[in-house]
Amino acid sequence: GNSVTQMEGPVTLSEEAFLTINCTYTATGYPSLFWYVQYPGEGLQLLLKATKADDKGSNKGFEATYRKETTSFHLEKGSVQVSDSAVYFCALSSSGGGADGLTFGKGTHLIIQP
Amino acid sequence: DTGVSQNPRHKITKRGQNVTFRCDPISEHNRLYWYRQTLGQGPEFLTYFQNEAQLEKSRLLSDRFSAERPKGSFSTLEIQRTEQGDSAMYLCATGPGGLQETQYFGPGTRLLVL
Numbered sequence: 076g077n078s079v080t081q082m083e084g085p086v087t088l089s090e091e092a093f094l095t096i097n098c099t100y101t102a103t104g105y106p107s108l109f110w111y112v113q114y115p116g117e118g119l120q121l122l123l124k125a126t127k128a129d130d131k132g133s134n135k136g137f138e139a140t141y142r143k144e145t146t147s148f149h150l151e152k153g154s155v156q157v158s159d160s161a162v163y164f165c166a167l168s169s170s171g172g173g174a175d176g177l178t179f180g181k182g183t184h185l186i187i188q189p
Numbered sequence: 005d006t007g008v009s010q011n012p013r014h015k016i017t018k019r020g021q022n023v024t025f026r027c028d029p030i031s032e033h034n035r036l037y038w039y040r041q042t043l044g045q046g047p048e049f050l051t052y053f054q055n056e057a058q059l060e061k062s063r064l065l066s067d068r069f070s071a072e073r074p075k076g077s078f079s080t081l082e083i084q085r086t087e088q089g090d091s092a093m094y095l096c097a098t099g100p101g102g103l104q105e106t107q108y109f110g111p112g113t114r115l116l117v118l
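Each protein sequence line maps, in turn, to chains A and B. Note that the first sequence ends on residue 189 in my numbering; no numbers are left out. Note that the second sequence ends on residue 118 in my numbering; no numbers are left out.
Derived by calculation from the structure, the hints in this document are not laboratory data. Predicted, not measured: the structure shown is a model, and the values here were computed from it. One or more of the hints may lead you astray.
To be verified - Some chain A residues close to chain B (C-beta under 10 Å, calculated; not the full set):
no.	residue
1	S107
2	E117
3	K124
4	S168
5	L177
6	I186
7	Q188
Even for Gly, the Cβ is constructed at its ideal location relative to N, Cα and C.
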């Protein structure tokens, strides 16, 4: 079956540090890959996505590249801010038509200190 | 606000009682999903609708759970004879359909079964 594994948190960084949150997946076929973010007290928001191998998703300074050869979709940001503190979820959709549920990782709690 | 909305936001009930949650989708979205999220975990897929048709159910959806989407608009999720293990955040997501669809999440309903 499908599965997503992401690094466990909490991850604590200082402001302006470089961020990497690792995500690897197992899936049949050609999944679409997503990063969702959950800010304190808010719902899940789509951060970025990639739908085929070697695609790079980007948004708000965050980037992730779909690596089929390593089945990975690591999230990176060059300089984090306190406002980036949140829980980040890596997810995949395995159906080509999107007509199924997303499979999520357990989430990584990111804490940015001033 | 034209996003996904869910009501109630919080529900406390006694074991054995029935509860019902509502999800109102983004108006042009024909796909609607229900997920459950427990503390420290990512969301887990429960069921999915294409318009009014319920097309997929997870093995997590026991006989005590039922979902409907009359007329392909809002959806309800009912849990009968609640158990303490049902305590979780119940999330609704909707999507426009098509290949490489993105799902948009509501704020969730937090259920506590005493």
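### Query
When the hints from earlier in the document are held up against this structure, which numbers fail?
6 and 7
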